[in-house]
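Take these sequences, add in the hints, and give me the full structure.
Chains A and B, in that order, are what the protein sequence lines are. Its first residue numbered 11, the first sequence is counted upward by one per residue in our numbering. Its first residue numbered 3, the second sequence is counted upward by one per residue in our numbering.
To be clear, the hints were calculated from the coordinates, so they are not data collected in a lab. We put the beta carbon where it would ideally sit given N, CA and C, even for glycine. Fair warning: there could be bad hints in the mix.
To be clear about the criterion: a stretch of chain A counts as covered by chain B if any three or more of its residues have a C-beta under 8 angstroms from a C-beta of chain B, and this derived list gives those stretches [as the list claims (entries may be wrong)]:
hint, segment
1, 28–42
2, 45–54
3, 68–74
4, 80–87
Some residues of chain B that are not near chain A, with every Cβ distance over 10 angstroms (derived) [what the hints assert, rightly or not]:
hint, residue
5, 16
6, 59
7, 60
8, 74
9, 75
10, 77
11, 106
12, 123
13, 134
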Amino acid sequence: MALYSGSQQIPQQRRGLTAIDAITALIIILLVVQIWLLSATLDAFLAGHTETALPGAIVSGLLCAGCFAMYEFVRRVDRDARPNR
Amino acid sequence: MPDGAKTTVKKQEPLWRDEFSISRADERYVSRRQLAKFLTLGSLGMFAGNLWILVKSWMRKAQVYNRSLVAKVGEIPVGGVKLFQYPKPGEQCIMIRTADDSYVAYSQKCTHLSCAVFYSREHDRLECPCHQGYFSVQDGSVLQGPPTRPLPRVVLERSGDALIAIKMEPEV
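Below you can see the structure in the form of structure tokens.
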């Protein structure tokens with residue numbers, strides 16, 4: 011859906027960039043949490059604690075799904091802000 | 003050329019024209035979108051890593067340990083050490099006699115990057131020479147340095163005048 015066009019395209023594009031920057035920051039935060047989760051799960055696994063593997067995989071899967079949802083949002087913003095591309 | 007024909011040509015533009023836009027405003031979008039895509043694929047990679055750990059933990063079987071003679075009682079002096087291989091050949095371990103009637107044994111592989119630890123009699127601790135990781139002789143716990151996990155302990159059993167390794171804790 012194109013929200014703006016013509017002379018309003020530039021503010022719309024700026025707003026879109028801001029939204030994408032914010033979403034990218036959120037993706038980075040989720041990714042850092044996932045990196046920490048992977049290292050903690052691996053450390054526990056190597057120490058013989060296999061019971062952490064399942065919760066670790068579930069939480070990591072949820073975070074990954076969140077990242078994909080946000081990436082889809084980025085694509086949608088991109089599509090809306092640049093309808094003529 | 004009619005307008006309809008122009009539209010058709012535009013729709014058939016190759017992907018690279020979108021991904022490498024000559025418009026600066028568009029290029030900002032493309033670079034950010036590509037960064038978000040890269041980060042999302044990184045997230046997928048982290049998830050794959052977690053799944054790999056999960057599969058490995060499901061496939062993990064209980065280790066069966068053999069009984070193996072390590073040393074005779076009194077074979078080494080108090081404060082002395084003996085190196086041996088357990089549970090498999092090539093798995094280097096270290097036994098330390100800490101008192102007249104007290105023996106402890108651990109895997110010699112540092113839990114940080116697998117350097118061989120040695121016993122420091124002066125400081126009464128196991129030391130890793132690579133990154134100064136120190137472990138307690140009493141229980142193998144980390145005293146200092148980059149390792150986060152204790153040394154795997156070899157459980158010893160005394161049978162007459164023989165010291166026998168019966169298993170590792172935790173399993174390796």
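Stated coverage of the segment 68–74 of chain A by chain B [criterion: 3+ residues, CB within 8 angstroms]: As far as the segment 68–74 of chain A goes, the hint holds, because 4 residues have Cβ atoms under 8 angstroms from chain B.
Is the nearest CB of chain A more than 10 angstroms from the CB of residue 59(B)? violated (4 angstroms)
For residue 60(B), is the shortest beta carbon distance to chain A beyond 10 angstroms? Not fine: 8 angstroms to the nearest Cβ puts residue 60(B) too close to chain A.
Any Cβ of chain A at or closer than 10 angstroms to residue 134(B), or is the non-interface label fine? holds (20 angstroms)
At 10 angstroms, judged by beta carbons, does residue 77(B) keep clear of chain A as stated? holds (30 angstroms)
Do at least three Cβ atoms from the segment 45–54 of chain A come closer than 8 angstroms to Cβ atoms of chain B? Holds, because 6 residues of the segment 45–54 of chain A bring their Cβ atoms closer than 8 angstroms to Cβ atoms of chain B.
Would you check chain B against the segment 28–42 of chain A, counting CB to CB pairs closer than 8 angstroms, and say if three or more residues qualify? holds (count 8)
Is the Cβ of residue 74(B) more than 10 angstroms away from each Cβ in chain A? The claim stands: residue 74(B) keeps its Cβ more than 10 angstroms from every Cβ of chain A (closest is about 31 angstroms).
In terms of Cβ atoms, is chain A entirely out of 10 angstroms range of residue 123(B)? Per Cβ check, residue 123(B) is outside 10 angstroms of chain A; nearest 28 angstroms; holds.
Status of the stated non-contact between residue 106(B) and chain A (beta carbon gap over 10 angstroms): holds (19 angstroms)
Please verify that the nearest CB of chain A lies beyond 10 angstroms from residue 16(B)'s CB. holds (13 angstroms)
Quick one: see if chain B covers the segment 80–87 of chain A, three-plus residues with Cβ-Cβ under 8 angstroms. This one holds; 4 residues, not fewer than the three required, reach chain B with a Cβ under 8 angstroms.
Violated hints, in rising order: 6, 7; the structure is consistent with all others.
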